[in-house]
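**Student:** Here's the letter readout for the chains.
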Amino acid sequence: MKITAQQTDRLAAIVFKTAGWLSVVVLLSIFSMLLFNGAKAFRTISPVDFFFGLNWNPAAYGQPKFGILSLIFSTLLVTLGAMLIAVPLGIGTAAYMAVFAPRRVYRLIKPVIELFAGVPSVAVGFAGITVVAPAIAWVFGLNNGLNALNGAFLLALMSLPTIIIVAEEAIRAVPPTFQEASYALGATPQKTLWHVTLPAAMSGILAAVMLGMGRALGETMTVLMATGNASAFPGGFFDSVRTMTATIAIELGETAQGTAHYYVLFAVGAVLFGISLTINIISEKIARRFRYKI
Amino acid sequence: MKETTQSKLEIRNLHLHFGKKEILKGISLHVPDKAITALIGPSGCGKSTLLRSLNRLHDLNPDARLKGNILLDGKSILEKKKDVTDIRRRIGMVFQKPNPFPKTIFENVAYGLKINGLHHTERLRERVEHALRESFLWEEVHDQLDEPALELSGGQQQRLCIARAIAVEPEVLLMDEPCSALDPISTDKIEHLMLRLRERFCIVIVTHNMQQAQRVADFTAFMYLGNLIEHGTTAEIFENPQQELTKNYVSGNFG
Chain A
983 MKITAQQTDR
993 LAAIVFKTAG
1003 WLSVVVLLSI
1013 FSMLLFNGAK
1023 AFRTISPVDF
1033 FFGLNWNPAA
1043 YGQPKFGILS
1053 LIFSTLLVTL
1063 GAMLIAVPLG
1073 IGTAAYMAVF
1083 APRRVYRLIK
1093 PVIELFAGVP
1103 SVAVGFAGIT
1113 VVAPAIAWVF
1123 GLNNGLNALN
1133 GAFLLALMSL
1143 PTIIIVAEEA
1153 IRAVPPTFQE
1163 ASYALGATPQ
1173 KTLWHVTLPA
1183 AMSGILAAVM
1193 LGMGRALGET
1203 MTVLMATGNA
1213 SAFPGGFFDS
1223 VRTMTATIAI
1233 ELGETAQGTA
1243 HYYVLFAVGA
1253 VLFGISLTIN
1263 IISEKIARRF
1273 RYKI
Chain B
3 MKETTQSKLE
13 IRNLHLHFGK
23 KEILKGISLH
33 VPDKAITALI
43 GPSGCGKSTL
53 LRSLNRLHDL
63 NPDARLKGNI
73 LLDGKSILEK
83 KKDVTDIRRR
93 IGMVFQKPNP
103 FPKTIFENVA
113 YGLKINGLHH
123 TERLRERVEH
133 ALRESFLWEE
143 VHDQLDEPAL
153 ELSGGQQQRL
163 CIARAIAVEP
173 EVLLMDEPCS
183 ALDPISTDKI
193 EHLMLRLRER
203 FCIVIVTHNM
213 QQAQRVADFT
223 AFMYLGNLIE
233 HGTTAEIFEN
243 PQQELTKNYV
253 SGNFG
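Heads up: the sequence lines are chains A and B, in that order.
Using my numbering, you'd call the opening residue of the first sequence number 983 and step up by one each time.
Using my numbering, you'd call the opening residue of the second sequence number 3 and step up by one each time.
To be clear, the hints were calculated from the coordinates, so they are not data collected in a lab.
Being a predicted model, the structure only gives us computed values, none of them experimental.
Be aware that one or more of the hints could be misleading.
Said to hold, decoys possible - Computed list of lysine to aspartate or glutamate pairs in DMTMM-like fashion (alpha-carbon distance at most 25 angstroms, straight line):
(1) A/Lys1092 with B/Asp65
(2) A/Lys1173 with B/Glu149
(3) B/Lys36 with B/Glu136
(4) A/Lys1173 with B/Asp65
(5) A/Lys1173 with B/Glu173
(6) B/Lys116 with B/Asp148
(7) B/Lys69 with A/Glu1162
(8) A/Lys1267 with B/Glu153
(9) A/Lys1173 with B/Asp61
(10) B/Lys23 with B/Glu81
(11) A/Lys1173 with B/Glu128
(12) A/Lys1267 with B/Asp148
(13) A/Lys1173 with B/Glu131
(14) B/Lys84 with A/Glu1162
(15) B/Lys116 with B/Glu153
The whole structure should be built from the sequences, with the hints applied where relevant.
**Tutor:** Structure, rendered in structure tokens:
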């Protein structure tokens, strides 16, 4: 029996369509699993206590507290802190690599950065405990450096390779004719970068930032090791924090299945998922605007 | 020739290497002010490369090495310590493919003014309008200045690029095959525009199109394999070329 070109065509279409739909189905099942299990938590816990409660203390005898706000605030504190460090540094490095770096320097730093992307998070956490935290404690005169700042610093390090690599690609993708036009008008390399190249690369740079942010938001091991794990509501960068991811990782294995505590951890996961999704949607909107508007 | 004394640009024995390869092999040429000089020649003869030497765009390429000299109003523009941004402001350029920035129409024209330190809103608006009028584009775009420039047609985009270049009031305008990506009607508009701009600028145009050279250029220089073969008034080059090679090229025997 001979297979015609038409038949292979049809087969290929089916294979790719299945692959595409499969990823959608997997994504939706994860989200519905989180929602379904998370919803069960609200049979015993009031949603108001969960969404607006400041305290997280689910194992307390008699009076367990299931307030997610301290976890959300910890996560946002560490993530935004990381982005404050990593975004300017990452975009700056990417611009240097794409535009200014001499070939020899470029060939040196590019593989180092790519290598850095592959460092396991547990190793970063280890460095956080033994090196960065004592350094922070020393610099700011604290008893203990295991705090939100430590986490932000480490997450910045971890999201930097992603941001640099993707942003560099975006900057390189800007047609050189834009830059030439700018130079031909008498612009300096700095002005060209700032007013032409970076704006033209903006949608790709935003994607880089969002990927880096996703990395920081979802990172578990490093923050679990290096932020002190205090579930009290943090007052600032020098307080110990416990992020949503760390909480799930620490508590899920030690909680009896079927209890309110067990289910509420799924609800935390669903909220985290929702936050990532919102950030992605917003960034997609912004990126699209930049693509057509600037 | 009599323009020698008042040439705007003077190229003296210019050699250019990319790495080990010699692209320009000792070019000498006088470019007069308030006239259009066309550079013609077959692909790869170095005419675009020569054009891009005139505003030092090869500085961006670490492999490029220039020898010889280029004088603007009698002063060298190739000295390393010379401010290259000032040279490029005085010698504007229009590229082969229209390349407006991904900004609004207004911002495209205002860009060169802003980077040169003009930020006064009212003055900017006047200068942008003036440049757009001079490029015969004002009537078409005056009510859509805040629209993205990339939504204009190809011919409009190229006229916008001309407006952008002349907004900073350069003395020389370099045009690298400005019509090669355009249809005949847009080409006609741009040629018309060039003839107007000739009254104020020294224009150097690279073109593949020999009819275009004959229509717009006062002087024509024929290049071949990195050498300048012959240079004269356009009539001389096309009707009475002195060199066999020039004669063959302008009569269409190769190219």
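**Student:** State for each hint whether it applies.
**Tutor:** Results for each hint:
1. A/Lys1092 with B/Asp65: Distance of about 22 angstroms is within 25 angstroms: holds.
2. A/Lys1173 with B/Glu149: 23 angstroms, holds
3. B/Lys36 with B/Glu136: 16 angstroms, holds
4. A/Lys1173 with B/Asp65: Within the cut-off at roughly 24 angstroms; holds.
5. A/Lys1173 with B/Glu173: 22 angstroms, holds
6. B/Lys116 with B/Asp148: 17 angstroms, holds
7. B/Lys69 with A/Glu1162: Since the Cα atoms of B/Lys69 and A/Glu1162 sit roughly 22 angstroms apart, the hinted pair holds (cutoff 25 angstroms).
8. A/Lys1267 with B/Glu153: 21 angstroms, holds
9. A/Lys1173 with B/Asp61: Satisfied, since the Cα-Cα distance of roughly 17 angstroms is no more than 25 angstroms.
10. B/Lys23 with B/Glu81: Holds, at roughly 22 angstroms.
11. A/Lys1173 with B/Glu128: 23 angstroms, holds
12. A/Lys1267 with B/Asp148: 21 angstroms, holds
13. A/Lys1173 with B/Glu131: 24 angstroms, holds
14. B/Lys84 with A/Glu1162: 19 angstroms, holds
15. B/Lys116 with B/Glu153: Holds, because 23 angstroms separates the two Cα atoms, which is no more than 25 angstroms.
The structure shown violates none of the earlier numbered hints.
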